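Place chain S on chain D using the hints.
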Amino acid sequence: MATVELAFSPLPVHVRTARLIVTAVARRSGVEEALLDEVRLAVGEACSRAVEAHRLHCPDRPVRLELRDDNNRFEVVVNDTASNGKPAGWEETPPAPPAGTPVPGAAADAAVDPDAAPGAAGEVVPGDAVPGDVGPVGDDPDSLGLAVISGLVDDVEIAPTPDGTQIRMGWPVATNGKG
Amino acid sequence: MDLKVNDYTTDDGLTVINVEGEIDVYTAPKLREKLIDLVNKGKFHLLVDMEKVEFLDSTGLGVLVGGLKRVRAHDGSLELVCTQERILKIFRITGLTKVFGIHDSIQEAQEKRKGQK
Chain D
95 MATVELAFSP LPVHVRTARL IVTAVARRSG VEEALLDEVR LAVGEACSRA
145 VEAHRLHCPD RPVRLELRDD NNRFEVVVND TASNGKPAGW EETPPAPPAG
195 TPVPGAAADA AVDPDAAPGA AGEVVPGDAV PGDVGPVGDD PDSLGLAVIS
245 GLVDDVEIAP TPDGTQIRMG WPVATNGKG
Chain S
37 MDLKVNDYTT DDGLTVINVE GEIDVYTAPK LREKLIDLVN KGKFHLLVDM
87 EKVEFLDSTG LGVLVGGLKR VRAHDGSLEL VCTQERILKI FRITGLTKVF
137 GIHDSIQEAQ EKRKGQK
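The listed protein sequences correspond, in order, to chains D and S. Going by our numbering, the first residue of the first sequence is number 95, and it counts up by one from there. Going by our numbering, the first residue of the second sequence is number 37, and it counts up by one from there.
Next comes chain D alone, as it looks inside the complex:
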């Protein structure tokens, strides 16, 4: 059983709450202070991605997190169920939001003007992974959020599940850090 389980409705406003909870549990579990920023950012990215995916595909289902503290390792698992039960690796064009719908994923804004690419060739730049004119960050599994997680966290697994995607991240725990 996870040390802490968290489920929240897929709204951007709850991502900060998730970050705060995970950071607090990580600190309590003994993760070094120097790593807490990394925990906070990586969990925020994973949750943002899951929220955007749920908002597109299954807005009534919660995003779920499991926090574990085992074997000198603090683990966070973020699960989305945004494939709507389709097999892992499914590909489908997501439904376009109605015209004028505000898109919280800012990479969509980055994709508005494709003529003026700011990045040097080959760099990971927000918006590159967002096809078309509109689409939030989490729409593409290879989006910037996942790139940030992969670049940030050494101990990470990103895997498709029958229901969606699972991001499993771990950080070392100081054995004398619990109090």
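Keep in mind the hints are simulated off the structure, nothing from the lab. Keep in mind that the hints are not guaranteed to be accurate.
Said to hold, decoys possible - Derived lysine to any residue pairs resembling SDA-like cross-links, with alpha carbons at most 25 angstroms apart:
| id | chain 1 | residue 1 | chain 2 | residue 2 |
| --- | --- | --- | --- | --- |
| 1 | S | Lys134 | D | Ser244 |
| 2 | S | Lys70 | D | His108 |
| 3 | S | Lys148 | S | Thr45 |
| 4 | S | Lys88 | D | Asp249 |
| 5 | S | Lys125 | D | Asp249 |
Claimed, not checked - What the simulated footprint calls covered on chain D by chain S, stretch by stretch (three residues with Cβ under 8 angstroms from a Cβ of chain S suffice, anywhere in the stretch; the number is not a length):
| id | region |
| --- | --- |
| 6 | 107 to 117 |
| 7 | 137 to 143 |
In this text, all values refer to a predicted model and were calculated from it rather than measured experimentally. Glycine included, each C-beta is placed from N, C-alpha and C at the ideal position.
Chain S alone, transformed into the frame defined by chain D:
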């Protein structure tokens, strides 16, 4: 925490945007709206002061890149003031340190801008 976004324009035509708080999937639209509003008002040389930004994720990066694209379409610029290592780290991970001019202070940005004129 709310995101606070304020701006002013210097005598040399540089619009400084002071950002305070956390830039994430919830708050980033506020910054995006500010950047769009400034561009629509003809402000094409922007300097985003991020010294009071406590958190920045990829959504925030997307907003900044979106702003950069908009001002570049008008031969403008969007540069940053940031000395916080935890914020700079995400720019380095994504390679965006090569995309944005990043300065230690507003004064430094102004001096470099004068030198380029």
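Quick rundown of the hints versus the structure:
1. S:Lys134 to D:Ser244: Holds: S:Lys134 and D:Ser244 sit about 20 angstroms apart, inside 25 angstroms.
2. S:Lys70 to D:His108: holds (23 angstroms)
3. S:Lys148 to S:Thr45: holds (17 angstroms)
4. S:Lys88 to D:Asp249: violated (30 angstroms)
5. S:Lys125 to D:Asp249: holds (18 angstroms)
6. 107 to 117: Coverage by chain S holds for the region 107 to 117 of chain D (4 residues, Cβ < 8 angstroms).
7. 137 to 143: holds (count 3)
Hint 4 alone, counting from the list given before, is not met by this structure.
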